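S.K.: Given these sequences and hints, build the entire structure.
These are the residues of each chain, in order.
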Amino acid sequence: MAPPVFEWLRAADLSPDDAMVTTRTKSVQDLEKKIRDSKTFGMLASVVNTVVGGCERAGEQSLAFTTLLECVRTQSAAFPGALAENGLHLRIIGCLGLRQLLTSNEDDETNQDELLAASLLVSGLGLKQKESGQHLDVIFEELGKVARANLQKQSVVQRERQDLDWDTFDGLQSIAGDPPNFNKQLLPALRELFQGLEKQRESDREELEVLWWLYNGQSEHLGKQLKSATAFLAGVAAGCELADRITPPATAGLREIVAQAAVRDRTSAQVKPKSLAEIFTELGVTGRKLLLPGTEPVRKFVRTAETLLPLTWLCIRLEENQGVAGWEPEFTQKTGVPSDKKLALDVFTAQVFAERQAQRVYQSLVKGAS
Amino acid sequence: MTLPRYTCSKRDCPIATTGNCVELNEPGNCPNASVATAGQGVVQLQPLVKAAARTFPASTELGLREARRLMNGGYAHLIGILGAYDAGKTCMLNALYLLASNAELAPRFRFAGSLTLAGFELRCRRLRKWSDGKLPDQLADHTTLADPRNPGFLHLALSDGNNGSRRIELLLTDLPGEWTTGLVKQAHRAEQVRFMQRADGLVIAVDGTKLQDEETKHTEHLVLEQLIDRLAEAVNLNRRIPIFLVACKADAIGTEVPAALQEVADHARSKGFVAQAVTVASFSSKPKEVPNGHGILPLVEAIVDHMVPGSEPESESLEPARSFGRSRGTA
Chain A
59 MAPPVFEWLR
69 AADLSPDDAM
79 VTTRTKSVQD
89 LEKKIRDSKT
99 FGMLASVVNT
109 VVGGCERAGE
119 QSLAFTTLLE
129 CVRTQSAAFP
139 GALAENGLHL
149 RIIGCLGLRQ
159 LLTSNEDDET
169 NQDELLAASL
179 LVSGLGLKQK
189 ESGQHLDVIF
199 EELGKVARAN
209 LQKQSVVQRE
219 RQDLDWDTFD
229 GLQSIAGDPP
239 NFNKQLLPAL
249 RELFQGLEKQ
259 RESDREELEV
269 LWWLYNGQSE
279 HLGKQLKSAT
289 AFLAGVAAGC
299 ELADRITPPA
309 TAGLREIVAQ
319 AAVRDRTSAQ
329 VKPKSLAEIF
339 TELGVTGRKL
349 LLPGTEPVRK
359 FVRTAETLLP
369 LTWLCIRLEE
379 NQGVAGWEPE
389 FTQKTGVPSD
399 KKLALDVFTA
409 QVFAERQAQR
419 VYQSLVKGAS
Chain B
0 MTLPRYTCSK
10 RDCPIATTGN
20 CVELNEPGNC
30 PNASVATAGQ
40 GVVQLQPLVK
50 AAARTFPAST
60 ELGLREARRL
70 MNGGYAHLIG
80 ILGAYDAGKT
90 CMLNALYLLA
100 SNAELAPRFR
110 FAGSLTLAGF
120 ELRCRRLRKW
130 SDGKLPDQLA
140 DHTTLADPRN
150 PGFLHLALSD
160 GNNGSRRIEL
170 LLTDLPGEWT
180 TGLVKQAHRA
190 EQVRFMQRAD
200 GLVIAVDGTK
210 LQDEETKHTE
220 HLVLEQLIDR
230 LAEAVNLNRR
240 IPIFLVACKA
250 DAIGTEVPAA
260 LQEVADHARS
270 KGFVAQAVTV
280 ASFSSKPKEV
290 PNGHGILPLV
300 EAIVDHMVPG
310 SEPESESLEP
320 ARSFGRSRGT
330 A
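Those protein sequence lines, which keep their order, are chains A and B. The first sequence begins at 59 in this note's numbering and counts up by one. The second sequence begins at 0 in this note's numbering and counts up by one.
FYI, nobody ran anything at the bench for these hints, they're computed from the structure. Model, not experiment: these values are computed from the prediction. All residues carry an ideal CB built from backbone N, CA and C; glycine is no exception. Careful: at least some of the hints might be erroneous.
[What the hints assert, rightly or not] A few chain B residues facing chain A, derived, Cβ under 8 Å:
id : residue
1  : LEU63
2  : ARG67
3  : MET70
4  : TYR74
5  : PHE194
6  : GLN196
7  : VAL307
[What the hints assert, rightly or not] Estimated spans, in silico, between C-beta atoms of each pair:
id : chain 1 : residue 1 : chain 2 : residue 2 : range
8  : B       : GLU190    : A       : ALA60     : 22 to 28 Å
9  : A       : GLU128    : B       : PRO56     : 29 to 35 Å
10 : B       : VAL307    : A       : THR132    : 32 to 38 Å
11 : A       : GLU340    : B       : SER58     : 53 to 59 Å
M.R.: Here it is as structure tokens:
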């Protein structure tokens, strides 16, 4: 699929000419290569954060800004270096680079870079305010679609049940009289069978865990039935506890079921949209604790990527200052999400589910985070 | 620090006020200059303070290069304004500028700067001329472009009180009427307005009085429909870009949208555009009945707030056979 370089660049340029489209296409490819070749996930996370939050928020010294600038300058040496002159242009290059990362791999296998990028994008775009102009909105809508499609692809690949290779195992009978050769082939055959069984067990376990949780409707952390908890507390419990029971990424179908789980058996008054300030008052310490990341490296990451996991960031911040009132201006400034933004129960639950998954993906991929 | 003050026998020499000789002589060596007497005073000079001076851009319009520079840094709303000669395009721009500079767009919008102040002032100069309290017959000069082959833009920055004082950069085209009439007559002129694909809103200005006049309304209606056809076919304008059909001179025709213009809006909608017909009175000859700048603020708001219509639902995703979604009928 050809990247929409011309169409997307137009948000920052009235009419990009052919030469610009050619050089920026190369820059986008450079960016994808840099991300894929990077030994850590720092660059990728920084680029996603900059794309979602904007270059101004990240600043000229950020890894993403310098990386994006380098990718463009490799092709166009005269490209301006100041944020005020290139902020939007570089952000769009970042958008194109992420899109390229999420669409260029046609292999049917899971990929760690793509998994992290898509998880962070889905989480970061969930509460994102509309951009200041329609041409940017279209870009982010498209990027969100690409991220969700990639997660769905990976979730399907991950849950594919492959037949166990019994033929190789049975074939060992023919060399039973040749112990050295038999022993040499037995171990790999057994390993492959056990690996297959383990993968199936994981999928079965995930299904059972999720189904039992939904069937019981009982929150482990709250120690009570979801329906007896307040609506948004039930939402955060459903989002977190189900995300903890799955192997990320979840399928699209499950994402919808999680949102429905919180809404089930609620009156229309209970599910009506509430502002984030009201929601966090309702959650109290108990609710906020549910979304806190389990390890310090993940917390550290969230502190630097507020726009990607806004609700998690707020939970951490409120824990640090012991729930002191007056967090609203800082929250809005850091995350770009207004504290009076109203969220319906299902939207809130889906966001909690997305953030918890992103936490888990980061934790599983980043060295020292698990 | 005190310095001697000089006076000069030459009438036009500014040495007394600036300290510089008109003949470029050193003040102390100039044969015409003499030190002022004590009675004439000694100037008490304050030490110079290095203060950052505000730049005052002298440009009357932005070219493609300047517009590109502005857009590369942050998002700019591009508003394309088309319309025949004397339709009221420049008057709309003038009205917007004067409303913004006079805080008449408040409380939502506040003036936040302009890179083409000189351009706006140039366009407004006829309005500044006092003619016994009446509006001049011609409110603005006929638009000519510095480079007739490329569009010029006027820039106006507003602070949006509805969105945390977010800065909105408006780039407004001020194209000669010939661009529009040329596009209607010749399809190949579409290339000239190709940049409109990036517009956040397209305003088509129409002389409202022509839409009411029995002799001209049919021709005007036909021309407008042809313009819409050109935009749909020759320009292939993105259907996401909202089109505003603006009947100007509402002070003369009333604030009701003329039926003929509604029909043109229907025609645009039939071509897949998001179209709306409105009336505007940039400058009113009856300000008590129709206020000056009537319709300008809602027009700006409609463009800035325009939301892209919900996109197509995501194509049915491939769901595994044992999906939870399947059992719930959601996948």
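S.K.: Against the earlier hints, flag every one the structure doesn't satisfy and list their numbers going up.
M.R.: none
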